[in-house]
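Start from the sequences and build out the full structure, keeping to the hints where you can.
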Amino acid sequence: MTMNRETILNIILAVLLIAVPLIAQAMDEPFIITLATKVAIFGMAGVGLNIALGYGGLVSFGHAAFFGIGGYAAGILASHALNYEPIMSTPFEINGTTQMIVIWVVALIASAVIALLIGAITLRTSGVYFIMITLAFAQMIYYFAISWPAYGGEDGLSIYVRNSFPGLNTLDPLSFFGLCAVMLGIVLAFSAVLIRSRFGLALQGARQNGQRMMAVGIAPFRVRLVAFVISAMITAWAGALYADLNRFVSPSMMSWHMSGEIMVFVILGGVGRLFGPVAGAALYIMLEHLLGSTFEFWQLPLGILLLVVVLFARGGLIGLLAGERKHA
Amino acid sequence: MPEAILSLSKVTKQFGALLASDNVSLDLMPGEIHALIGPNGAGKSTLIKQIAGEIKPDSGEIRFAGRDIGELDAVERSRMGLARTFQVSSLMPEFSVLQNVVLAQQSVSGKIFRFFKPVLSDASLLEPAMAQLERVGLADRAQMRAADISHGERRQLEMAVALALKPRAFLLDEPMAGMGPEGSKNLTDFLGGLRAEAPILLVEHDMDAVFALADRISVLVYGRIIATGTVDEIRGNDDVKRAYLGEEA
Numbered sequence: 001m002t003m004n005r006e007t008i009l010n011i012i013l014a015v016l017l018i019a020v021p022l023i024a025q026a027m028d029e030p031f032i033i034t035l036a037t038k039v040a041i042f043g044m045a046g047v048g049l050n051i052a053l054g055y056g057g058l059v060s061f062g063h064a065a066f067f068g069i070g071g072y073a074a075g076i077l078a079s080h081a082l083n084y085e086p087i088m089s090t091p092f093e094i095n096g097t098t099q100m101i102v103i104w105v106v107a108l109i110a111s112a113v114i115a116l117l118i119g120a121i122t123l124r125t126s127g128v129y130f131i132m133i134t135l136a137f138a139q140m141i142y143y144f145a146i147s148w149p150a151y152g153g154e155d156g157l158s159i160y161v162r163n164s165f166p167g168l169n170t171l172d173p174l175s176f177f178g179l180c181a182v183m184l185g186i187v188l189a190f191s192a193v194l195i196r197s198r199f200g201l202a203l204q205g206a207r208q209n210g211q212r213m214m215a216v217g218i219a220p221f222r223v224r225l226v227a228f229v230i231s232a233m234i235t236a237w238a239g240a241l242y243a244d245l246n247r248f249v250s251p252s253m254m255s256w257h258m259s260g261e262i263m264v265f266v267i268l269g270g271v272g273r274l275f276g277p278v279a280g281a282a283l284y285i286m287l288e289h290l291l292g293s294t295f296e297f298w299q300l301p302l303g304i305l306l307l308v309v310v311l312f313a314r315g316g317l318i319g320l321l322a323g324e325r326k327h328a
Numbered sequence: 001m002p003e004a005i006l007s008l009s010k011v012t013k014q015f016g017a018l019l020a021s022d023n024v025s026l027d028l029m030p031g032e033i034h035a036l037i038g039p040n041g042a043g044k045s046t047l048i049k050q051i052a053g054e055i056k057p058d059s060g061e062i063r064f065a066g067r068d069i070g071e072l073d074a075v076e077r078s079r080m081g082l083a084r085t086f087q088v089s090s091l092m093p094e095f096s097v098l099q100n101v102v103l104a105q106q107s108v109s110g111k112i113f114r115f116f117k118p119v120l121s122d123a124s125l126l127e128p129a130m131a132q133l134e135r136v137g138l139a140d141r142a143q144m145r146a147a148d149i150s151h152g153e154r155r156q157l158e159m160a161v162a163l164a165l166k167p168r169a170f171l172l173d174e175p176m177a178g179m180g181p182e183g184s185k186n187l188t189d190f191l192g193g194l195r196a197e198a199p200i201l202l203v204e205h206d207m208d209a210v211f212a213l214a215d216r217i218s219v220l221v222y223g224r225i226i227a228t229g230t231v232d233e234i235r236g237n238d239d240v241k242r243a244y245l246g247e248e249a
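If you read the sequences in order, they're chains G and X. Quick note, the first sequence lines up with residues 1 to 328 if you use the UniProt record's numbering. Quick note, the second sequence lines up with residues 1 to 249 if you use the UniProt record's numbering.
Read the hints as simulated data drawn from the structure, not as lab findings. Every residue, glycine too, gets a C-beta built ideally from N, C-alpha and C.
Distance windows between CB atoms, simulated:
id: 1; chain 1: X; residue 1: Phe-113; chain 2: G; residue 2: Ala-189; range: 18 to 26 Å
id: 2; chain 1: G; residue 1: Val-308; chain 2: X; residue 2: Asp-189; range: 50 to 58 Å
id: 3; chain 1: G; residue 1: Leu-290; chain 2: X; residue 2: Ala-147; range: 36 to 44 Å
id: 4; chain 1: G; residue 1: Gln-25; chain 2: X; residue 2: Ser-121; range: 37 to 45 Å
id: 5; chain 1: X; residue 1: Tyr-222; chain 2: G; residue 2: Met-140; range: 45 to 53 Å
Just a few of them, taken from the derived set where beta-carbon distance is under 10 Å, the chain X residues facing chain G:
id: 6; residue: Glu-54
id: 7; residue: Val-75
id: 8; residue: Arg-84
id: 9; residue: Phe-86
id: 10; residue: Leu-91
id: 11; residue: Met-92
id: 12; residue: Glu-94
id: 13; residue: Asn-100
id: 14; residue: Val-108
id: 15; residue: Ser-121
id: 16; residue: Leu-125
id: 17; residue: Val-161
Below is the structure:
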């Protein structure tokens, strides 16, 4: 089987993402490793959004809520464990934990439940209304976090020691990067499989023509709702990792700026392209780092770039380098 | 007499001052092609939409396969075996021709929520889908994007998708629209053989096709059925000549 250009490009991107922190380690540049970890985590958040936005055509402007739910799952569980305070003591005792695996499971379940509720309401609308109502829900959750003093309110929550993963020193930057990269790999593989499955075909059909879907006897609503939930879970998983990267979680993870940023990763990299969010997150963070250190208004060139992409390169970075998308 | 597979009784639909369906009653019997003709704006497509469940009648009853389907939506009616084609082709433009049929095929299989197995290596979907494409003569276009095939081929693809649903009745809304003479003739031959599989309610402007195919014809004018009968009866009907055929001639 011959590989198409997009597959080759994806492999190059994956190799670069792994090579850069390894070289940084050799050159004793831990900050670069942190940047690469950020790319992996933001890429993962974008892979989540891409399932809704790219494959399902659901422009969610509220994915920061799920990113933040993942973050708070890490923060809340860790703070209870580190302070030796049970989360609840009656009728039975539930304790916090510093085990990432448990935190992830909690993050996935919590985000799934909330996405199911939000999706069940928002997916009855479409277009601009869907964008606005997802934003409204995210803002509700954002203000809830701000006004919840038990978990730091506006100031957020610190995680004094990064949570642990069996057999790994998560405090070592390169090890933590490796963990994040593996998780990114898992969600990328899942996303690639999902989109070729029966469900993936139905989801892409629902994006293209709802009338035709109903005529062949498939309710687009159910397909979109399941996609929305899966999408939210992946973004929440990334959020849990992000809290551990910063050892800090605050309501700003849930702000509409964050929703916009996740959307920018997807659009910059290429909507509906497997590695699009990773390419977009990498470009974004490079711009932020390179321009941000020399130029106070670094978001101005970013804005112009985004405008150029939307107007002239709909396939984003991946589309520019690998050509138009082949049908799935 | 056998029971009708589809029967409308006193279906009425009003849009503001416009009476789109005025007490429409009609039957589709097993094994028949029942053509619905009428001038533009007579309410033919509106009637199809009400049967398919896309819009709700104001009053009247629609029965399908022995059941009142008034409360069912378009998805449920399709799943009951009512397959419709659209007057203006309504397909998945970014999908390949084959994927368009596979989507219908997987709906029939009832298994949509499968997340891991690649759909395009699933022989239980691909083989029947290819068989439908062969029936309508589109097998050599299977890998092309639906947006890139010709208008006539899109009409054929609409038919293949409807066939894949293995329906108990077809609702065909102007299947010949925009087809060349040869395409129309091929489709006419094809539909003639299809009535044995499932009866067809056929909305069509191409009178050659209607007279060649129809077992019965109903004439719709201003939302009202003014006559129902065999081809010869309709040809000889003075009201129909005045209201419709006369105008065309």
